[in-house]
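Below are the chains, spelled out letter by letter.
There are 2 protein chains.
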Amino acid sequence: MNEFELIKKYFIVNSARNDVLLGPGDDCALLQVPANSVLAVSTDTLVSGVHFFPDMDPNALGHKALAVNLSDLAAMGADPCWVSLALTLPEIDEAWVEQFCAGFFELAEYYNVALVGGDMTRGPLSICVTVQGTLPEGKGLLRSGAQAGDGIYVTGTLGDAALGLQQALGKVVVAAEHHDFVRNKFEHPHPRILVGQALRDIASSALDLSDGLAGDLMHIARASGVRAQLEIEQLPLSQAMQDSVSQEQAIALALTGGDDYELCFTVPEVHRGQLETALAHCGVTFTYIGRMLSGEPNVELLQAGQPYSLSEQSWDHFRS
Amino acid sequence: MNEFELIKKYFIVNSARNDVLLGPGDDCALLQVPANSVLAVSTDTLVSGVHFFPDMDPNALGHKALAVNLSDLAAMGADPCWVSLALTLPEIDEAWVEQFCAGFFELAEYYNVALVGGDMTRGPLSICVTVQGTLPEGKGLLRSGAQAGDGIYVTGTLGDAALGLQQALGKVVVAAEHHDFVRNKFEHPHPRILVGQALRDIASSALDLSDGLAGDLMHIARASGVRAQLEIEQLPLSQAMQDSVSQEQAIALALTGGDDYELCFTVPEVHRGQLETALAHCGVTFTYIGRMLSGEPNVELLQAGQPYSLSEQSWDHFRS
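Protein chains in written order, with the numbering used here: chain A, 1 to 320; chain B, 1 to 320.
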């Protein structure tokens with residue numbers, strides 16, 4: 001089976017979306033953006049050996065390649081619509097492509113996202129995905145909207161994907177009962193699309209956690225010109241995390257572990273009362289972890305009201 | 001200089017476009033699509049060693065990576081608007097990035113295309129570009145609109161990029177006076193944006209020539225359900241081509257040489273009279289090369305009214 005046949009068999013999928021005026025197969029896709037909406041666009045590349053292990057299960061890889069991109073739309077509060085996929089493969093391996101597509105399209109169908117184009121190329125394994133969504137005018141959840149006094153929140157629990165990575169690397173032993181959980185958090189992140197949409201009229205800023213809470217929150221602090229103060233005791237830790245590593249290591253993973261793809265967002269005092277109701281239907285927990293204060297952009301850590309810093313020891317454990 | 005600094009220095013460019021509501025640096029870009037317009041999207045990846053020589057001049061590579069994508073918008077008749085760039089680099093080489101960006105942004109500015117996002121990743125050199133443009137509703141130049149009786153046209157001259165490649169490989173000697181010409185055709189293709197726009201109300205189908213006329217025209221024949229008949233004598237050949245290879249070899253390069261990025265389009269009899277006027281301001285020649293006929297989708301070659309086929313000899317010369 002050559003590349004054209006492979007594309008035809010696995011990538012030309014009829015979409016249920018009637019805003020796809022012309023799908024894959026021509027020079028461009030033609031798409032209809034609804035009136036009074038703006039377009040949200042994001043691109044992410046996953047490179048073998050950098051972002052994933054070369055032998056990663058292709059089904060999980062297909063899921064993750066789309067999930068990390070949808071996560072950017074979630075962080076903007078957008079409705080996902082369309083995706084382009086550029087797949088670079090060292091060789092034509094139909095079984096691999098079939099599994100990759102199974103993971104990719106399962107997630108795409110779940111969110112009613114149509115594949116509208118892309119290409120397949122020979123070369124070192126990498127995946128470049130561009131997602132597009134729409135958003136009512138003026139409703140985007142920017143990084144720059146946080147103000148002093150806003151509460152800081154995160155969805156789900158933190159650091160579990162990093163724990164899954166540490167386990168895969170043989171650096172941490174995770175009890176058998178938690179294996180599926182950490183593996184799923186690491187390989188099958190769930191973009192928080194519904195949460196992002198529900199936050200449109202409530203949050204003052206948002207982003208998705210890809211590099212670790214401390215660093216990612218710094219982006220909001222800088223873009224908004226505010227100082228973030230986190231309460232270490234509030235960081236939501238999974239049972240798997242608590243059972244697998246020390247408290248100090250758990251905090252280190254929660255603050256600096258990448259690949260969580262949870263949302264971090266800020267909410268003005270006046271909207272706090274609406275939060276519970278707005279997120280009730282999303283099926284995702286959320287936790288208050290601190291507040292924004294005026295001052296030089298920074299991310300401060302407090303434990304029982306005292307400054308906290310990550311010790312070298314908590315780090316060394318995870319370094320190669 | 002680390003990756004963040006490099007991105008900030010070279011890729012965060014303020015755009016003159018007021019339809020970029022939010023540029024690079026947040027989770028998504030936010031873009032305003034004009035009323036009564038549809039969105040045209042295309043993605044192309046260039047991989048080192050597959051699509052270009054690893055030591056290709058980075059300025060030319062930056063130009064070409066954007067040009068081949070804009071060429072898809074041209075083939076649809078769209079107005080280019082925005083671009084996302086995912087750059088995967090084996091190492092941080094500021095001089096290389098600076099040159100790449102110089103080539104990329106020179107072309108982007110020429111067509112007033114704003115860079116709205118993307119990423120920079122470590123890994124084997126490759127470039128994934130997604131371009132977006134807009135088009136008045138119902139005006140897209142599809143591959144599927146050709147009808148029996150339509151004339152077939154191409155812009156510019158054919159096969160020159162392939163001639164440039166053959167010269168670079170040392171398989172053809174091109175006279176010194178033509179060196180710049182063939183090198184430019186090979187490294188600095190010009191997307192035929194103005195031609196595509198001018199053809200919106202005239203052409204029945206169009207595509208850009210990336211894999212060679214014979215194969216590319218077959219896409220139109222199949223999508224439209226018609227038979228293409230080409231007159232070999234009509235194929236536009238450059239002086240460089242005529243001076244460098246035999247007539248037979250020139251025809252082989254014109255029919256099968258890739259990377260030309262000229263447009264091939266079909267025009268119904270009733271619109272032929274408008275063609276000259278419509279394309280007059282584009283500064284590009286165009287040539288009638290054949291016609292569409294009813295029948296099984298195919299691309300037929302005629303020379304002086306007789307069937308013509310590419311001989312093995314004309315091929316062997318270029319094979320490795």
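Careful, some of the hints might be misleading.
It does not matter which identical chain is meant; a pair holds if it fits inside one copy or across any two.
Below are the SDA-like pairs computed for lysine to any residue, each with C-alpha atoms no more than 25 Å apart in a straight line [claimed, not checked]:
no., residue 1, residue 2
1, Lys9, Leu279
2, Lys9, Ala223
3, Lys139, Gln242
4, Lys139, Pro34
5, Lys139, Asn14
6, Lys9, Glu296
7, Lys9, Leu46
8, Lys8, Gly225
9, Lys9, Val284
10, Lys8, Gly295
11, Lys9, Ser210
12, Lys139, Val284
13, Lys9, Met56
14, Lys139, Arg17
15, Lys139, Gly25
16, Lys9, Cys282
17, Lys9, Met218
Because the hints were derived from the structure by calculation, they are not lab data.
Each hint, compared with the structure:
Taking the closest pair of Cα atoms, Lys9 and Leu279 never come within 25 Å of each other, the shortest separation being 39 Å inside a single copy and 39 Å across copies. For the identical chains of this complex, Lys9 and Ala223 are inter-copy neighbours only, at 17 Å across copies versus 45 Å inside a copy, given an alpha-carbon limit of 25 Å. For the identical chains of this complex, Lys139 and Gln242 are neighbours neither inside a copy (37 Å) nor across copies (59 Å), given an alpha-carbon limit of 25 Å. In this homomeric assembly, Lys139 and Pro34 come within 25 Å of each other (Cα to Cα) both inside a single copy, at 15 Å, and across copies, at 18 Å.
Taking CA atoms no more than 25 Å apart as the test, Lys139 paired with Asn14 passes between copies only; the shortest distance there is 22 Å, against 30 Å inside one copy. Proximity of Lys9 to Glu296 under the C-alpha cut-off of 25 Å is restricted to the inter-copy arrangement: shortest distance 23 Å between copies versus 55 Å within a copy. In this assembly of identical chains, the alpha carbons of Lys9 and Leu46 lie at most 25 Å apart whether taken from the same copy (23 Å) or from different copies (23 Å). Taking the shortest Cα distances, Lys8 and Gly225 sit within 25 Å of each other only across copies (18 Å), while inside one copy they are farther apart (49 Å).
Proximity of Lys9 to Val284 under the C-alpha cut-off of 25 Å is found in neither arrangement, the shortest distances being 36 Å within a copy and 38 Å between copies. Proximity of Lys8 and Gly295 under a CA criterion of 25 Å is satisfied inter-copy only: 24 Å between copies versus 56 Å inside one chain copy. Proximity of Lys9 to Ser210 under the C-alpha cut-off of 25 Å is restricted to the inter-copy arrangement: shortest distance 23 Å between copies versus 33 Å within a copy. In this assembly of identical chains, Lys139 and Val284 lie within 25 Å of each other by CA distance solely inside one copy; the values are 22 Å within and 44 Å between copies.
For a Cα distance limit of 25 Å, the shortest separation of Lys9 from Met56 inside one copy, 23 Å, qualifies, whereas the shortest one across copies, 34 Å, does not. Taking identical chains as interchangeable, the C-alpha atoms of Lys139 and Arg17 lie at most 25 Å apart whether they share a chain (23 Å) or sit on different chains (20 Å). Taking identical chains as interchangeable, the C-alpha atoms of Lys139 and Gly25 lie at most 25 Å apart only when they sit on different chains, with a minimum of 17 Å there against 33 Å within one chain. In this homomeric assembly, Lys9 and Cys282 never come within 25 Å of each other (Cα to Cα): the closest approach is 35 Å inside a single copy and 40 Å across copies.
In this assembly of identical chains, Lys9 and Met218 lie within 25 Å of each other by CA distance solely across copies; the values are 20 Å between and 44 Å within a copy.
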